[in-house]
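Number of protein chains: 2
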Amino acid sequence: MTTFRPNDLHAYAAALLAAGGYSAAHAARTADVLVWANARGTNSHGVLRIPRYIEMVELGLIDPQATPVVTTQTGAMAVLNAGRAPGASGMMAAMDTAIGIANQLGVGWCSARDITHAGAVGYFALEAAKRGCVGIVMTASGPLMAYHGARVSGLSTNPIAICAPKSDFPLLLDMSTSTVALGKIMHAKDAGTNIPEGWAIDADGRPATDPTQVNTLTPLGGPKGSGLSLMIEVLSSLLVSNPVISTALAGGKGSMNGVAIALKIASFTDPDEFAKQVDALAGSLKALPKAPGTDEILMPGERGFRLSEERNSSGIPIAEGTLKRLAEVGDRFAIPQPAPIETKDRPSTASG
Amino acid sequence: MTTFRPNDLHAYAAALLAAGGYSAAHAARTADVLVWANARGTNSHGVLRIPRYIEMVELGLIDPQATPVVTTQTGAMAVLNAGRAPGASGMMAAMDTAIGIANQLGVGWCSARDITHAGAVGYFALEAAKRGCVGIVMTASGPLMAYHGARVSGLSTNPIAICAPKSDFPLLLDMSTSTVALGKIMHAKDAGTNIPEGWAIDADGRPATDPTQVNTLTPLGGPKGSGLSLMIEVLSSLLVSNPVISTALAGGKGSMNGVAIALKIASFTDPDEFAKQVDALAGSLKALPKAPGTDEILMPGERGFRLSEERNSSGIPIAEGTLKRLAEVGDRFAIPQPAPIETKDRPSTASG
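Going down the list, the protein sequences come from chains A and B. Okay, so the first sequence: first residue is 1 according to the working numbering, each after it adds one. Okay, so the second sequence: first residue is 1 according to the working numbering, each after it adds one.
No lab work stands behind these hints: they were computed from the structure. You may find that some hints are simply not true.
[To be verified] Distance condition first, Cα-Cα at most 27 Å in a straight line; then the derived BS3-like pairs of lysine-lysine:
| no. | chain 1 | residue 1 | chain 2 | residue 2 |
| --- | --- | --- | --- | --- |
| 1 | B | Lys290 | B | Lys276 |
| 2 | B | Lys290 | A | Lys253 |
| 3 | B | Lys276 | A | Lys184 |
| 4 | A | Lys253 | B | Lys286 |
| 5 | A | Lys290 | B | Lys276 |
| 6 | B | Lys324 | A | Lys253 |
Since this is a predicted model, take the numbers as computed values, not measurements.
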């Protein structure tokens, strides 16, 4: 791990993306989302994505200059055509649109059609919470998880994020619909360890414990996780007539879609009272008697908010493998890696 | 099991509820929801609830004559005060309101405040699908499941249902946020069998395999299920300033709340095209290679739709224990149990 100042890491990420063809605005927004994830400890959705994003530009899968455009607005719903713009900008435009509608009508729903990989979707739900709303975000992509009862990939791990403000940091749920993220399987493979039965299945559809034998991920709780992922595909993709799963399973080239929903708190209740009630809810759960092995009962997102607060002052550590791959991209465009934070500058609280 | 004609069972259920104080309209609507669940094989949400519903009237927990009233409507959102009306009527009024708004504005959100037990929430989501919408329903009630990391009940098993029409029966996801329903633990207790590790915890917060030692249910997938249940409490209860969980955990008397959301399909896309795409999605998943032990890949709700089609012609079987408890209520009000279907009348496809 090498630790960087957040601003330096952000500038580096944005410079790499801009060199790869991203407009300045798309590069800045994408760097925001990626560095946000690194700061929260969600490295799988951090700057390690940059080489693939740039490759996707080169393959024509991302249009790095496209401007998302609202193509339909009827009452409280809108459809935004993202035109394969960088996913962070597509979903941010969708959430902006949803919040704008919610400010007028209490509730705003914006479907984002033809987005690309958006990063950690909690970022967009959090944006709503910063602006007086409860935010809900879903995205739908191609097969990489089993449908319950099948032995091959049939659905994506389609995530859902829900964020509500409270007096300190918000409640921020950001969950995939699989049992575990693919990254946990990759990690076990790298570490040469087995995985617990239930995380994944092999090519015969039987539980895989050897990570090298994994064929696909299992859905969270079987039919519940695959049912939820399926309905996210319906809500995100079929409502805008851009099916991802049936297209991909027929051998076609899938796209991605997303939904951003905003609920204006002041339309429902007094926002201060709401924040107090969210505080009371969190407080009452955190005070419950703990199960063996639990040091502290945590709210959704709490670990990430704490870690990012710490890292925004002490620096953000990045794995050496990631830095090497970023340096390879940087070398192509003559973009130097920023200077790391010297060890003597780093407070002892910084965690790896 | 004794099998009844659906109309007879419905009339019996409605008569019992009316005798227990329900207005004719509330009795009919509640009987609809209960018999619908029995027909689909979800007996835990069927007519066995009637004795408790009547007891709740007697305890003042259900107001059997209350009329749910829309108290706020701003743009695309509404708040309906159910005033402890029978839950089936409260949530149906909420979904009616949401569909009415969606017909005007594309999306309608109705928060239902102070409902009572609503039965199987898929019923209300299905109503949206029958009327050209995608429907989403959530309800929030008091603690009966662990929050992740706690060893006692902290949250409810708050369900979410999502329904989308297709050319034959709709996709209907109706899932709780616990690993399994409480009914499965009760059944193991009755049967004298152990339960798998992971379904429940004992009073020390350790996995319980002896059903008599169960203290509370586990959330689906740990932090994911408890996070989702928590956010359903925020969306259903805190947005209408009627907190259930923090009130109950502080020793107070909790209420219940719900949300009904409707999305007018024609505002987003061509409804016929949408139905075709939902068909194609289901078809592509049903055709996937099956895992060992899977006879058929099923869509959310498929088993229930098939079973109800069969039972609506061949009759609905009800367990003897349930009939005995219903007869005890019936005896109080001089309401006779309907005549069962004679065995010779029953086609051989009737399942138990």
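Against the structure, the hints come out as follows:
1. With a C-alpha separation of about 24 Å, the suggested pair lysine 290(B) and lysine 276(B) falls inside the 27 Å cut-off, and the hint holds.
2. For the suggested pair lysine 290(B) and lysine 253(A), the alpha carbons sit about 24 Å apart, so the restraint of at most 27 Å is met.
3. Between lysine 276(B) and lysine 184(A), the direct Cα distance comes to roughly 37 Å. Violation of the 27 Å bound is thereby established for this hinted pair.
4. Using a Cα cut-off of 27 Å, the hinted pair lysine 253(A) and lysine 286(B) holds, with the two alpha carbons roughly 20 Å apart.
5. A hinted pair counts as satisfied when its Cα atoms are at most 27 Å apart, and lysine 290(A) with lysine 276(B) does not qualify at roughly 49 Å.
6. A C-alpha spacing of about 58 Å is found between lysine 324(B) and lysine 253(A), which places the hinted pair above 27 Å, so the restraint is violated.
The structure does not agree with the numbered hints 3, 5 and 6 stated previously, though it agrees with the rest.
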